[in-house]
Each structure stands twice: as C-alpha cells, then as structure tokens.
Amino acid sequence: MLDLDISSEKIRIRKVLKNVRETRNINTVFFTDEASASAKPGQFVMVWEPGYDEFPMSLSNYDAKGVCSVTVKPWGPGSSALVGARRGDLIGVRGPYGHSYTVEKGSALLVGGGTGLAPLLPLAKVLAKAGSRVAAVIGGRSKVDILFEKQFKRVLKRKNVFVTTDDGSYGRPGFPTDLAEELIRERKVTRVYTCGPEVMMRKLYDVCAGAGVDYEASLERSMKCGMGICGSCTLGKKLLCRDGAILSGEALKDSLDEFGLLQRDASGRYIKV
Amino acid sequence: MTVDSLTRAIEAGAGAAVSKSIGLEPREGYRNPTLVATDSGLVNAVGLANPGARVFSEELSAVRGKHLPVIVSIFGGGPTEFGRVVEMLDGNEFPAYELNLSCPHVEGVGTEIGHDPEVVASVVKAVRSRTKKPIFAKLSANTHKMVEVAKAAVDSGADGLTAINTMRAMTIEVETRRPTLSHKFGGLSGAAIRPIAVARIYELHQAFKVPIIGCGGVSTWEHAVEMMLAGAAAVEMGTALYQGYGVFQEVNRGIQNYMARKKFKRVQEIVGLGHKF
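Chain order of the listed sequences is R and W.
Once you know that position 250 of the first sequence is 250 in the working numbering, the rest is easy, because the numbers rise by one and skip nothing.
Once you know that position 8 of the second sequence is 8 in the working numbering, the rest is easy, because the numbers rise by one and skip nothing.
The following block holds chain W by itself, in its conformation from the complex (with noise of 0.2 Å):
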C-alpha cells in the first residue's frame, strides 16, 4: 500500500491504515503468482515487497502536516535491523508503529523471529528505545507460544498487540501437480481464519490490559462487533478489500446500528464483553 491508497482507505472511512511491512532495503517481493483464491480463503507470499525505509520516509514526508492516520507496519532481521528502520522513519509524522513479527512465509524475518520470545523481546526493547510513539506487536497464530510471546513484547515496551497475522498454508494445483504461490509456502487470510484469530483475542485480553487490534477474517459488521466482544480495541481489514473501498463505510455503519439497537454510546463499553460469561 502506498501512501496514496493508504489515505484512499481513510477517505472511505478507515479509522486508520497500516501500511505494507517496511524494510531496511528494497524488497521486490517473491515472482507471481503471489496470491491465490481458494474456497476457503487467500493465501498469499507477497514476500514483503516494500520500496524500503528511506524512500517510504520521503512518500511520508510529502503528507507532513496532513496528519493522515497511517500505522506504519515494519520488519526486520533482528533488532539491529528494526531499529535502524525506526531511526530512518522517526522523524514523520504519524502515529504508530506496527512490528510485524510474524510474516509466515520470509525466511529470518518473520515467524523465526517471532515465535522466540527472547528475540522478540529484544526487537521491542531495540524499536522502544529509539521511539516515543506507541507499538503494537503483530503476533503469530502459528506457535502455542503466542501469549509467551505477548507477554516478552508488553513487559519490553509494547504498548499494544495486533493478532493474528496469516496462518502458513500451501496450495497445489493438482492439473500440473505444482504448488501454486511461486514460493509454495505462503499465509492463509480471509473468513478461514477469523475463529482462530477470535480464540487468539479472547485469550489475549485476559491475559494483557494493553489494546488489542483484532486482525483475521473481517469483512463485514458482525465480523468486527465479535472481534470487539473477544477484546478488540479496533479491528483490522485487509482481504475484505476484495468487496471495494466501500467496506470500510458498511462495517462503520454497520456498528453504529449496533450500538445504537444495544443502547452503547462509546465503541470502547463493548470491547470485552464476551469475557462476562
């Protein structure tokens, strides 16, 4: 996403977007394809494609002043790498970081790093020093390890989690017997996953008082309100962009007439409120 359709996606009523991971360097990203449809969801191996740090911090500078709510997602080898990313992006404006430390389909910058608690910690103790803004870490559904995990990033300076990035998936088109992503192994998004990622937010907010971005599955208003009751402070949407930018207007509406049928004033009184029972 650049920022251009980043501050499309606000337009149309984001709250907020994230941008792609960034990088230290330019990534190209894995060959086509990259993506594909199944009948239970997408899986996707981008492979982190990204224009690196420096010139995403120029396409940022260019929106100084307009103050565009764009969560800006970054990667890295280690915390070494992530914290050379926070200083070439610091100096911007905008309002927070999202670490992704749980891509499941690029080698020594994803779920190696992110299912290890210690490095995890590390990498947020290396993000936290170099930054007053506010961190969520995006976590990996893919280990048992998950709230190990989110605890190292809290006690190290999270001020927040995102879960759940994709679940690692494969697809082989059997016509020509091959793996269909050019580099087979990729992430699965989309409805498929959305009652893992429920699970995952139930279990977070109990265990952390910090903000959960609730991220897996979410296409329409329903999927949001239950993302919400599991703890969800906000929610996050990336295949449902399939339906058009007008998902994001659909699912606003679609929860200001929830709240309004259930007599909620402020969005924050339903987050959690699946834990009552």
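So here's chain R without its partners, still in its complex pose (with noise of 0.2 Å):
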C-alpha cells in the first residue's frame, strides 16, 4: 500500500500576468497555471500573497492556454496585496479544490452579486456550451459595483443578462433575489447557480426550495488547509474545502440552522455570517 503523499499540494509560485480593474474596489488578477486550467465551474484555488495570507478564491476565468484569473475585493491585508498586485509579482497557488458546479441541459439561472460572479462567469460559458439555456442577475450595491456585465452579455447575450442595484441606480432596483423568483417562474427555471453575500443565498435557497428548483450555492468559511485535514471550514459536520464549496440544496438540508446565519471565525466560535 502507498504511504500517504501530500506533495501535490505544494504551493505553486506563479507571476502575475496584468491586473485588471473591474470596479472601484473589485480587481482581476491573472496568472498562468496549467493546473488551476484544468479546474471545472465552481472550484476553487488557494491564493498565497507572500508576507500576507493564504486563502480560497475562486477562479473567475481559464483557458486552455493555461491562463487564469481570481477576482478580489480587499476585505484584510492579503485580499488588499493581492487587488494591489503588479505584473511580474510573485503569488502562490494550490489546487484546485472542491466540487464543481453540475453542469447539465436544462434551463439556468445563475444569480451572483459583488465578487459572487467571479465562479458564475465560467459557469456560464460551459452551461451556454452543452446547450443550456442561461440567464444571469448581476447584482451589486449601487452602478459602479456592478461585475462582468459585458463578459456576461457577451456570453450569454444581451436578453439574457438581468442588472439589479440596491440604490436604483442601474437597471432593475433592489436585490438579485427579487428578479430571480420573477424569473424562476417565467423562464422555467430548473436549476438555480449562485454565489454572493450568504444572506442573499440563503433568501434564494428558501425561494427554491418553495419552488421544487434545483438549487446549487457556492458558500465560503474560514478556511486553513483546503484539503480535509485542519477541520476549520465546518458548516455542520460538513468540511467546505472537500463537501463544497458548492452545495446543492439537498446537501444544505441539514445545516439551516446555520446556513446564510452563522458561521465560526478562526477560532471555531459561531460569528454572524
């Protein structure tokens, strides 16, 4: 029997390639990694900004050159070095981890808001290849918060892409989950994608459960190793790094109690999500 081999999981240094300003707080970053390529919608990579931090982003676009991005809002020290990245700056990355989301023939709806779209937006080019038929909300705050509309418009074309805004200030006022039960029903929607603020998710996870929808979110927890062991990202007895970060709404079934709730910080007591 083989003894246990973790060396795949050694950080892999790469150059930055450009980085590229999305909104006024949310950057692009690109980076070449074959093996983050290979990732499939939904999953994820760990990002080490040296001197800062370590953490899980989810890769926002790759191809088959091996070109990659992760896009990044600063929320601590290492998100910040990381938006404020400069072509040829050293980072590390490792995985990619976690389950994908499922891609299948059907009629989809992906629903993201702030750095939430960053999984959606592959998703959304693979979904629109096997046939699907997708639509997108893209949410944001107020106008100058609002990700990948083009890329998404692009993909998806333009009657199919739906903007909302919490202040009114661009296309339909108030939250993406308002839209999306609107459209649930009128588009015959079987699957629903998500990924953004857990509180939004969860709104929507209820809309689709009421609905008999298929329902996917990818969530996010204070995460340490990636890979099964620390048991820090815990969302019940399941582990987000190996269980998610995609979960269907059959697999959150048993951890309403704190999904779009609550969630434990780095020392393992519950916090606000």
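Just so you know, the hints here were simulated from the structure itself, not pulled from any lab data.
None of these values were measured; they are calculated from a predicted model.
The beta carbon of each residue, even a glycine, is placed where N, CA and C say it ideally should be.
Treat the hints with caution; some may be incorrect.
[Unchecked claim] With a straight-line cut-off of 25 Å between C-alpha atoms, the simulated BS3-like cross-links for lysine-lysine are: (1) R:K15 to W:K184; (2) R:K129 to R:K150; (3) W:K184 to R:K10; (4) W:K66 to R:K253; (5) W:K209 to W:K184; (6) R:K73 to R:K18; (7) R:K237 to W:K66.
[As the list claims (entries may be wrong)] Have a look at the derived ranges for each label pair, beta carbon to beta carbon: (8) W:A62 to R:K143: 26 to 34 Å; (9) W:R54 to R:R187: 47 to 55 Å; (10) W:R64 to R:S248: 28 to 36 Å.
Take the two lone chains, each set in its own frame, and fit them into one complex as the hints suggest.
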C-alpha cells in the first residue's frame, strides 16, 4: 500500500500576468497555471500572497492556454495586497479544490452579487456550450459596483442578462433575489446557481425550496488547509473544502440552522455571516 | 475540530476522536499559511486555534446523553491554567483528557512545558486533583528527555501516554526566499515521522505499564499494526484525513483482516508483540 503522499499539494509559485480593475474596489488578477486551468466551474484555489495571507478564491477565468484569474476585493491584508498586485509579482497557488457546479442541459439561472459573480462567469460559458438555456442576474450595491456585465452579455447575449442595484442607480432596483423569483417562474428554470452574500443565497434557497427548483450555492468559511485535514471550514458536519464549496439544496438541508445565519470564526466560535 | 466534525469521524468508524486542543481563552491561531505541504509531509503551525473552554463546554453539553467517545485535548501556560480549563470542562460527559504538553510552535504553552519534567509533574498533578476522568499526557519527541517527562507524568497521576506530537519543522519557499508558514516554525506530520514515533512508542512500552496511544504518520492499517506491535494500545490519525473520512473504516478493516489471518482474537493481544525479539 502506498504511503500518504501530499506532495501534489505543494504551493506553486506563479507570476502575475496582469491586474485588471473591474469596479471601484474589485480587481481581476491573471496568472498562468495549468493545474488551475483544468478546474471545473465552481472549484477554487488557495492563493498565497507572500508575507500577508493565504485564502480560498474562486477562479473567474481559465482557458486552454493555462491562463487563469481570480477576482478579488480588499477585505483583509492578504486580499488588499492581491488587489494591488503588479505584473511580475509572485503569488502562490494550490488546488483546484472542491466540487464543481453541476453542468447539465436545462433552463439555468445564475444569480450573483459582488465578487460572487466570479465563479458564475466560467459556469455561464460551460453551460452555454452544453446547450443550456441560461440567464444571469447580476447584483451590486450601486451602478459602479456591477461586475462582469459586459462579459456575461458576451457569453449569454444581452437579453439573458439582468442587472439589479440595491440603490436603484442602474438596472432593476432591489436585490437580485427579487428578480430571480420572477425569472424562475417566467423561464421555467430547472436549476439555480448562486454565489454572493450568504444572506442573499439563503433567501434564494428558500425560494427554490418552495418552488421545487434545483439549487446550488458556493459557500465560504474560514479555511486553512483546503484539503480536508484541519477541520476549520465546517458547516455542521460538512467540510467546505471537501464537501463544498459548492453545496446543493439537498446537502444544505441539514445545515439550515447555520446557512445564511452563522459561521465559525478562525477560533471556532460562531459569529454572524 | 468541532464536536460535529468529531461526531462525523466517530460515525465513519473512529473508535474515539480527539478534539482540537482547548485552552482557557479563545484563540484565532496564526495567520495563513498555517499548513504547508512538502515532499516529506505536512508542516503546520495552526497556533492552537480554539474557541476557548467556555464555548467548547457549551458544545459538549449540547451532545450530553449521546455518550460520544470524544477525548478532550487541553493546553495551558502552566498548572493554574490547565487546572482552570479542567474545572470549566469536567462537568461534561466525555471519556478522557489528553494533555497537549508538546505543541512545537506556540511559545509558552508547548514544549517549554512539555520538555521540563518538573513542570509536567505540576501540570499533571493540577489536572489529576480536579478530575476523575482518565488523563493521557501527549509527549514531544523533540527532546532527549521524553522518557523522563513521561515518568514525571505517570508518577504524577497520568493514566496513559500519547506519543508523538509533530516534529519541529520549517519550510522556506525558494522563489520568494520566505519561510512559508506565517509563524515560520511549525510541526511536521505525516509519513516521515512514523519511524520516529515507532521508536518512541517502543521505548515507552519498555519503560511503563500504562496504555500508550500511538500517533504520527499513520495512514494505513499496516502503520496502525506496526505501532501496536511497538506497544500502542490505540492509534491516532490526523494528516491521514487527507484521504477522507473513509480512512477510518479502511484501517479498521485492514486490522481485522490481519487479526483473522494471524489468528488473533482481540486486538490487545498484539500490543507490544514487537518486543519479543
């Protein structure tokens, strides 16, 4: 029997190719990494910003040439450093980790808010290629916060992309969930895919559970190892790194006392999401 | 590990599950990277992240009546702190304590305590005087004094020993020239430390009659059996969780097959058999 070998989990050092400013506080950082480029939509990588932090990030782009990207906003020292990364800077990558979104031919609705749109962009491409009927709701606080509108419109055509803003400065006023509820009915949606603020995703879960529509969400928890060992990223009995980060409505059923409400901080104490 | 995660390990076939080390106050641990993979195993400096004794006690009391075999690992900066942690936890239903006397990467609560037989004696006495539950002292192999430390623990009332904790370690990433872990120093676990653990378990089994829990690089049934032959009455697995929770059932089945093949009835029969030669 082979001994335990974790050498494939070593950090790979990559050079930043370019850093694209997307909104007033969201950037997309590109690098070349073949392993990450082999990811399926919804899988994530651990990104090491040397001297600052290492954290899980969804892949927002990856292509056949091995070029990938993560889309990041500053919420701590590590992500802030990554937002400020310059061409040629070194970052570390390992993964991809976790489950991917289910790709099937059906009527799909993608619902995302803020940087939560990152994993939904490659998903839109894959679903469209698979022959799915795909629509996307893109939410943001204000007009200047809307992420990837052009990209989604390129992949899904203009008429299938819907924008909402919390303050009503652009697109449909209100939260993406309100519009999603209408679209689920109108478009006879068979599966909803979401990533974004957890309160939004929980609301959408309740809508989908009520309407009997399949549901998949990308969740986030305090993560350390990313490979099933440390037990930090728990949601009930689940480990997000291994059992997630994509969880189906079915899988979330036994975690409804936490999902959208509570998470554990780095010490393991419960805090609000 | 939360009580939920420990429960999952038990449901997956673990005979018991050891908690993350619990201290008096909540600790967030170190900044990431807290774990780094190498060709020779995993190096971690999580930094004793834990929710604190009060919160963990609440988690334990929520599963009262389920008789979960959760061994509670505790740490502290000295006998007073260890004693207070026990006072906060002891009313809960759990079968045993494991004293973490050997964390190789947290200053003041790890090997500074666990490498000093006198301090270990005072810690074990402080715990002993506050609980009737069995106490296992988890030892560090980062010292030549391990047997001396073990003697201090056993003489002060420890019911058993756990060996070994991770070996003090570091990695430096060459492109960036930085120590990879945010804390720089950590502890090595995984396959590389297993032969070290086997030697230490063998030494402890020679020197003491108390039960030994073997630990360090176990990921298959053969590793578990090897440690038992060296003198371990039970084995712990941690890094092996990389293979998923199925690893517990796989190891159990492998041990059972070995027992049947070698015509042993009870697993106790093989403990220490490696000493016959």
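Worksheet item: Given the proposed pairing of K184 of chain W with K10 of chain R, does the C-alpha separation stay at or below 25 Å?
Response: OK: K184 of chain W and K10 of chain R at ~16 Å, within 25 Å.
Fill in: Outcome of range test on Cβ distance (A62 of chain W, K143 of chain R; 26 to 34 Å)
violated (46 Å)
Discussion item. Need the status of pair K237 of chain R, K66 of chain W: alpha-carbon distance at most 25 Å?
Written reply: holds (16 Å)
Worksheet item: Taking 25 Å as the top limit, are the C-alpha atoms of K129 of chain R and K150 of chain R close enough?
Response: Given that 25 Å is the threshold and the Cα spacing comes to 18 Å, the pair holds.
Fill in: R54 of chain W paired with R187 of chain R, Cβ distance criterion 47 to 55 Å
holds (50 Å)
Discussion item. Check whether the Cα positions of K15 of chain R and K184 of chain W lie no farther apart than 25 Å.
Written reply: OK: K15 of chain R and K184 of chain W at ~23 Å, within 25 Å.
Discussion item. Check whether the Cα positions of K73 of chain R and K18 of chain R lie no farther apart than 25 Å.
Written reply: holds (16 Å)
Worksheet item: Do the alpha carbons of K209 of chain W and K184 of chain W lie within 25 Å of each other, as the hint requires?
Response: violated (38 Å)
Discussion item. Given a hint of 28 to 36 Å, does the C-beta separation of R64 of chain W and S248 of chain R actually sit inside it?
Written reply: Hint holds: Cβ distance 32 Å, inside 28 to 36 Å.
Worksheet item: Given the hinted pair K66 of chain W and K253 of chain R, is their alpha-carbon gap at most 25 Å?
Response: Cα-Cα ~22 Å, so holds.
This entry does not satisfy hints 5, 8, going by the numbered hints stated previously.
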